[in-house]
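Whenever a hint applies, use it, and build me the whole structure from the sequences.
Chains as they are written, first to last, in the UniProt record's numbering: chain A, 1 to 316; chain B, 1 to 259.
Hints listed in this document are in silico derivations from the structure and should not be mistaken for laboratory results.
Computed from a prediction, not measured in an experiment: that's the story for all the values here.
Careful: at least some of the hints might be erroneous.
As the list claims (entries may be wrong) - Take a look, some chain B residues computed to stay more than 12 Å from chain A by CB distance:
#, residue
1, A50
2, F55
3, D60
4, G78
5, F102
6, A113
7, V131
8, A207
9, N222
10, E230
11, Y231
Stated by the list, open to error - Here are the simulated lysine to aspartate or glutamate pairs, DMTMM-like style, with alpha carbons at most 20 Å apart:
#, chain 1, residue 1, chain 2, residue 2
12, A, K135, B, D33
13, A, K224, A, D121
14, B, K259, A, D92
15, A, K217, A, D296
16, A, K15, B, D11
As the list claims (entries may be wrong) - Facing chain A, from chain B, some residues (calculated, C-beta under 8 Å):
#, residue
17, V12
18, P16
19, R29
20, V100
21, E105
22, L258
Idealized CB from N, CA, C, for every residue including glycine.
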Amino acid sequence: MRAIALLGHSGRMIKVEGLTRTYGDFTAVDDVSFVCQPGRVTGFLGPNGAGKTTTMRIMVGLTPPTRGRITIGGLAYHDIPNPGRHVGVLLDASAQHAGRSGREILTIGAKTMGLPMSRVDEMLALVSLSDSESKRRLGNYSLGMKQRLGLAHALLGDPSVLILDEPANGLDPAGIRWMRDLLKGYAARGGTVLLSSHLLNEVELIADEMILIGRGKIVAQGDKKSLLASQGTASALVTSLDNDALARALQADGVVVHPAGDGLRVEAEPVTVGRAAAAHQIVLTDLRSGAAGLEDLFLELTADTQREASSQGVPA
Amino acid sequence: MSQITPSFTLDVSSTPRVPFTRLVSVELRKTADTRAGRWLLAAIAAITAAFMIIFFAVADAPDRIFENFIAIAATPQGFLLPVLGILLVTSEWSQRTAMVTFALEPSRSRVLAAKTVSALLLGFAAFFAAVVIAALCTLVGGAGSDGFADLTLIAFVLFLVLQLLTIIQGLAYGLILLNTPAAIVTFFVLPIAASIIFNLVPFLQDAAPWLDLGTAQQPLFNGENLSGDEYGQLATTSLIWIVLPFVAGWFRLMRAELK
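Right, here's the structure in full:
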């Protein structure tokens, strides 16, 4: 833990401006702009194939953009000397030579960056890879171990910016919590973290800021609260002993009601439903806010980009 | 640079860019830090030695001279060194380590230059290994002091040039194809196909030394200096079969999307 506490310089901003990348007729990333602030974890969220990975690859110069630009701390990645010392990158934990040991992979990274070999041991300890595990060849690693090694590789140069593509993939629940704490601590010390995921729950727990992307376009961004607030329409889920009577009462007040499961979905605040029930003396057995959570918002915003035809969810 | 938001600018003053010598040493390390890599290096040394020992066993004492041993070494090295050159490039693609390599050194030209220098250094090493083994074989070969007679510096230089050219050729084919099997097959099939065509087609036969790499390299095995024409032929065929593919491969790498 001491190792990344050495962060000697505060995190720097990642700035994406009007980024577009096309492959023939296909637009993988479409006029995307956002910033990642130092001291915050920014979650990059979207379904498979939404353009997250392409954006991150452009960020580190592996893919040239068609239009637009990305700077990290004011510099294009290509112009950062010894970039591993400033920007920690994990794009694909499996993209390492299967025949090299974990220790050797870190050694190559440390040698390239000009770091002392003690750094390799520090990083192995940080990600809890044991001595014997570190001597095994990568081909024999589980996906979770590869992710730990990839994170160790990204942190090797004590960078002030982290760019991680699906870092929680393959980690077990304890591993996910460990990574969450690690990255939160890193951001709390001033580091800038951008991490992508297609799993909302994962990002919801860790990210201070969220960027939702679907079919190459940003569909929403902000912190959790502002995202939910932006969603607008109130809704309530209600079950009563006489649903028909309640529905008639609400409709008489001009409120739209849909049957949903055993009860009703009402396009109004719960308090409106409560009042109507009290006025007509209908006994309620369940009443709660039906305001969509982040997940509904996510699915709704990216609905036309999902591979599955999203079925109208029955409330639990 | 930005006076308005200085705190948002990366301070890179304390990190000079990665020195070229470090990139070369990392590339050299990468050729030997996997089982496959170590086997290839060991195989090059072992097969070179084996060829010379077989020659030692079958040749008569007067033939066991240094020049012959070196000529024997050229054959196995001529087909193993290019494979080393090919793998130096293509393994970054087949193992997908290119993503990591180029994230740590975004200048693709510098990485490629480091790979080229490493390949040449390995070519030198193979040359020295061959010279040492050939000298040992000659010393115990029984030809006496005649074993080293008629040796000219030029014979050494030409042998070395041949080694380095083939290793660069391997590198070039690896760069163009970025795929191990395709590059290896191309490397071995193309010269055979070319020499068949040049031998079969009558009007190409005369031009063969100027266009066919195999034909132009033949005099390099003789252990004697080349004539002016032969140097010219070596230059034009090397340009066609080695330099141009290398430049094309370089351009391909500069534009490629690294996956």
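Outcome of the hint check:
Against the 12 Å criterion, A50/B stays outside the reach of chain A, whose nearest CB is about 25 Å from its own CB. Remark: the non-interface label on F55/B is consistent with the geometry, its nearest Cβ contact in chain A lying 34 Å away (cut-off 12 Å). The claim that D60/B is not at the interface with chain A holds, since no C-beta of that chain comes within 12 Å of its own (minimum 45 Å). No Cβ of chain A approaches the Cβ of G78/B within 12 Å, the least distance being about 26 Å, so the stated non-interface status holds.
At roughly 6 Å from the closest C-beta of chain A, the C-beta of F102/B falls inside 12 Å, breaking its exclusion from the interface. Interface exclusion of A113/B from chain A stands, the closest Cβ pair being 15 Å apart, more than 12 Å. The beta carbon of V131/B sits about 30 Å from the closest Cβ of chain A, which is more than 12 Å, so the claim that it is off the interface holds. The beta carbon of A207/B sits about 41 Å from the closest Cβ of chain A, which is more than 12 Å, so the claim that it is off the interface holds.
Even its closest Cβ contact with chain A, about 41 Å, leaves N222/B beyond 12 Å, as expected for a residue assigned away from the interface. For E230/B, the requirement that its beta carbon stay farther than 12 Å from each beta carbon of chain A is met, with the minimum near 42 Å. The beta carbon of Y231/B is kept farther than 12 Å from every beta carbon of chain A, the shortest such distance being approximately 40 Å. A C-alpha spacing of about 12 Å is found between K135/A and D33/B, which places the hinted pair at or below 20 Å, so the restraint holds.
A C-alpha spacing of about 38 Å is found between K224/A and D121/A, which places the hinted pair above 20 Å, so the restraint is violated. Our distance criterion of 20 Å between C-alpha atoms is met by K259/B and D92/A, whose separation comes to about 10 Å. Between K217/A and D296/A the alpha-carbon distance is near 18 Å, which keeps this suggested pair within the 20 Å criterion. With a C-alpha separation of about 16 Å, the suggested pairing of K15/A with D11/B holds against the 20 Å cut-off.
The beta carbon of V12/B is positioned within 8 Å of a beta carbon in chain A (closest approach about 5 Å), and the interface hint is therefore held. With a least beta-carbon distance of about 6 Å to chain A, the hint placing P16/B at the interface is held under the 8 Å criterion. At about 7 Å, the closest approach between the beta carbon of R29/B and any beta carbon in chain A falls short of 8 Å, and the interface hint on this residue holds. Hint on V100/B holds. Least Cβ distance to chain A is approximately 6 Å, under the 8 Å limit.
With a cut of 8 Å, the hint placing E105/B at the interface with chain A holds, because the nearest CB-to-CB distance is about 7 Å. For the restraint placing L258/B at the interface with chain A, the shortest Cβ-Cβ distance is roughly 4 Å, inside the 8 Å limit, so the hint holds.
In the structure shown, a violation is registered for the earlier hints numbered 5 and 13, in ascending order.
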